[in-house]
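Asker: So you can see what is in the structure, the chains are spelled out below.
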Amino acid sequence: MTEPTTLQPVLLWSDGLIFLLVASLLAFAATLRRSPQTRQKWAQVFRSRIGVSSFMVVCAYVLVALLDSVHFRESLPATEHSADVHYSHSIRSVLDLLLHDMQEGTETTYSAPFAIYSFSKENMLDEQGRLYRDFPRLAHGGAHLADPAQRAGDILQRSAVALVRGALLAAVLLGLLAWLRRRRLARVGLPWRAVNLTLVALVLVSTWVLELGSVYHILGTDQVGTDVLYQSVKSIRTGVLIGTLATLLTLPLAIVLGIGAGYFKGAVDDVVQYVYTTLNSIPGILLIAASVLLIDVYIQTHPERFELTVVRADFKFLALCFILGLTSWTTLCRLLRAETLKISQLEYVRAAQAFGVSQARIIRRHILPNVMHLVLISLVLDFSAFVMAESVLSYIGVGVDASMMSWGNMINAARSELSRDPSVWWSVMSAFILMVVLVLAANLFADEVRAAFDPRGAGGRR
Amino acid sequence: MLTYIARRLLYALPILFGVNVLTFALFFLVNTPEQMAQVQLGGKFTSPEAVANWKAERGYDRPLFINRDAAGLGVLTDTIFFEKSVRLFVFDFGKSDEGRNIGAEIRERMWPSLAIQVPTLIVGIAVNISFALVVVLFRASLFELAAMVLCIALFSISTVFYIIGSQFFFGKLWHLVPVSGYLEGLGAVRFLLLPIIIGVVAGIGASTRLYRSIFLEEIHRDYVRTARSKGVSELQVLFRHLLPNAMIPILTGVVVVIPSLFMGSLLMESFFGIPGLGSYTLDAIQAQDFAIVRSMVFLGSVLYIAGLLLTDISYTWVDPRVRLS
Chain A
2 MTEPTTLQPV LLWSDGLIFL LVASLLAFAA TLRRSPQTRQ KWAQVFRSRI
52 GVSSFMVVCA YVLVALLDSV HFRESLPATE HSADVHYSHS IRSVLDLLLH
102 DMQEGTETTY SAPFAIYSFS KENMLDEQGR LYRDFPRLAH GGAHLADPAQ
152 RAGDILQRSA VALVRGALLA AVLLGLLAWL RRRRLARVGL PWRAVNLTLV
202 ALVLVSTWVL ELGSVYHILG TDQVGTDVLY QSVKSIRTGV LIGTLATLLT
252 LPLAIVLGIG AGYFKGAVDD VVQYVYTTLN SIPGILLIAA SVLLIDVYIQ
302 THPERFELTV VRADFKFLAL CFILGLTSWT TLCRLLRAET LKISQLEYVR
352 AAQAFGVSQA RIIRRHILPN VMHLVLISLV LDFSAFVMAE SVLSYIGVGV
402 DASMMSWGNM INAARSELSR DPSVWWSVMS AFILMVVLVL AANLFADEVR
452 AAFDPRGAGG RR
Chain B
104 MLTYIARRLL YALPILFGVN VLTFALFFLV NTPEQMAQVQ LGGKFTSPEA
154 VANWKAERGY DRPLFINRDA AGLGVLTDTI FFEKSVRLFV FDFGKSDEGR
204 NIGAEIRERM WPSLAIQVPT LIVGIAVNIS FALVVVLFRA SLFELAAMVL
254 CIALFSISTV FYIIGSQFFF GKLWHLVPVS GYLEGLGAVR FLLLPIIIGV
304 VAGIGASTRL YRSIFLEEIH RDYVRTARSK GVSELQVLFR HLLPNAMIPI
354 LTGVVVVIPS LFMGSLLMES FFGIPGLGSY TLDAIQAQDF AIVRSMVFLG
404 SVLYIAGLLL TDISYTWVDP RVRLS
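Residue numbers (the working numbering), protein chains in the order written: chain A, 2 to 463; chain B, 104 to 428.
Just so you know, these hints were derived from the structure itself, not from any lab. C-beta atoms are modelled at their ideal positions from N, C-alpha and C, and glycine is treated no differently. Don't take each hint at face value.
Which chain B residues stay away from chain A? Per the calculated CB distances, all over 12 Å, these [said to hold, decoys possible]:
hint	residue
1	M104
2	Y107
3	R110
4	L112
5	G121
6	I225
7	I228
8	L279
9	V292
10	D325
11	F342
12	V357
13	L370
14	G410
15	V421
Here are the in silico distance ranges between beta carbons for each label pair [as the list claims (entries may be wrong)]:
hint	chain 1	residue 1	chain 2	residue 2	range
16	A	Y275	B	N156	37 to 47 Å
17	A	T32	B	F272	30 to 40 Å
18	A	T32	B	L248	32 to 42 Å
19	A	E348	B	A243	28 to 38 Å
20	A	V269	B	E201	40 to 50 Å
Construct all of the structure, not just a fragment, from the sequences and the given hints.
Answerer: Encoded structure:
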């Protein structure tokens, strides 16, 4: 393209929500800093090596998800017929710019990790024009190699280059961190060796992936030739967004109803208990499936509202988050109700009531802060549960839209891929790796948070 | 005891009614039968006659709540609400949108579901309790830390991966068990082995952590200290003193899921091609057969409420201190 491309920013509903939520989470964290007890507990979380490393890994995922949530449309090259600027129909994100080579380098069909030949044979013509059948070279993977035998050497050489670059970058970051540590963070007793090691590992992995991913398909390609690694990295946004959105959507209902039932007792309590027993008694997955089916029916009967595939996928995705949130608030609600019942009998609450403090103020000042640990613990625990739920729901066919890249959709495709001969195992493997790293990190972090905040101590029952 | 059970059963009625109204609202008010018919028959461009036909065949052509054309009680009974929702209370599930008898299907398909779920539950409890006991025996050691990290790792892996992975290795590569399928009678064992093992392994992580914390709560009790001080060995303390007491919260926690075992496991049954209620439900979801989904929702909530009731009863059974009130 000769003329410069201009970019038109696109704000999907889920993009707006995720930035809003991340901002409010940060604000929430800032208010938590005020109380010395919570500060001490957080310090306990971050003093453990597992806690701080898993937090950094989760942050890395969230960062990728945020990068992938900045969407825009590129302008199309001007044609002779009109001078107006037209924007492309496909919506891209900042992450796509970073992974440009992976996204563009598509093949025709499956290819194995680091392959330079296609997975299936095709009819081809040799120099004399005779027809023969063989595995064709890939259009993108290893196309720069003149001789296929150079592959191993090339991979090693590029890996070395990538690692050296990564090491340089990591050294710069470590230096910056050390400077920060001397200037600002001296009082915070972080386990610095764990921090540094995690940082180096994250930097090295990403530079290596970016370097080799631009010329090879590190994790192969799928049925239509899309790079599997690209797919699974793009799926991070889906996973992280489902985790955060659904978790945060459960909070308002659970907090308002749980504390309300526990504090006001009587009729309010009866109604709230009735509602959550009723909701709880419906098998969760059926309730979700039924609601998603209804959304599907809505989309199918109102096609005029969803002209762009992305918009439809985004709508369905948001609906899924809402449904997950609406069907999963009961556990936290029950915990909050029980805790509030207990707290509202304590002397300081009685005293406040005797002094004539308004009920809203009692709830806000005396009850809410003392049940916050339950909210926090369930916040971090639910996150990983929702990420896993997405994979199951997409497999059942009531998850995110099929056009949206997600680990669930990749796993869904894996059923037929694994039964091929020879089997196509890389798709499910890469979904597995990326998902397990995220869920494991989130669970380990949740465990540390629980150990610090649960008064019953480490490993206490939920 | 009997009056207590009777009262609890009465208390369950409004909940079931709530479930019914909720599912009715989801299936008939949010989306009208018209829209369902259109989706079933293929999009926007279906003829009105076809839609009307589809509705008449399945009894969706009645009014929702009040039928002004009918005589006598028919005003209330000849409606969608009565026919499709109230009848569920007497376990009359009616016919699926495909025209098959749902009740008969459920009675037939619950056996394969139970054949997976019951062994999974029993073996799972045995394995988890033993593992948790070993962890507690070696508490405050590197072994405990390793075991706890292993538990977190085990439940960080989605069940889907356990299923896909083991089907691939044990079924496809090593030919130890058939990949999927089902036989009646004893032949079923070959097909059930892998689902049961996966069910147990997938459950180890979460349950072991739970049981361990139950054990740890007990281990600081006075009776344990007394036992130790009179010279009882640590193993004896664990098995003779701790285990029976810890079994109370463990068993009552298990009781609540027992009735729901009938429902089967959606994932396990569909991956392994086992004709149980789980795969029945899943097929209904995928075929958008709302009549079956509605029945399964109702059945599921009945079983859940039965589980709650059993839990409360079992509390009084195992722990004489708890009184019914």
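Asker: Hey, is B:L112 genuinely clear of chain A, shortest beta carbon separation above 12 Å?
Answerer: Non-interface label stands for B:L112: nearest chain A Cβ at 14 Å, farther than 12 Å.
Asker: Is the nearest Cβ of chain A still more than 12 Å from the Cβ of B:I228?
Answerer: 17 Å, holds
Asker: Cβ-Cβ distance between A:V269 and B:E201: within 40 to 50 Å?
Answerer: This hint holds: roughly 44 Å between Cβ atoms.
Asker: Say whether it holds or is violated: B:R110 keeps its Cβ farther than 12 Å from all Cβ of chain A.
Answerer: 15 Å, holds
Asker: Is it correct that the beta-carbon of B:V421 has no partner in chain A closer than or equal to 12 Å?
Answerer: 18 Å, holds
Asker: Decide, holds or violated, for the assertion that all CB atoms of chain A are farther than 12 Å from the CB of B:G121.
Answerer: Violated: least Cβ distance 4 Å, not greater than 12 Å.
Asker: For B:V357, is the shortest CB-to-CB distance to chain A above 12 Å, so the non-interface label stands?
Answerer: The claim holds: B:V357 sits with its nearest Cβ about 15 Å from chain A, beyond 12 Å.
Asker: Confirm or reject the statement that B:L279 sits farther than 12 Å, beta carbon to beta carbon, from all of chain A.
Answerer: 16 Å, holds
Asker: Please verify that the nearest CB of chain A lies beyond 12 Å from B:I225's CB.
Answerer: 22 Å, holds
Asker: Beyond 12 Å from chain A, beta-carbon-wise, is B:V292?
Answerer: 23 Å, holds
Asker: Taking the shortest Cβ-to-Cβ distance between B:D325 and chain A, state whether it exceeds 12 Å.
Answerer: 18 Å, holds
Asker: Could you see if the CB distance from A:E348 to B:A243 stays within 28 to 38 Å?
Answerer: Distance hint for A:E348, B:A243 holds at roughly 36 Å.
In this structure, the hints that do not hold are numbers 5, 13, 14 and 17, in rising order.
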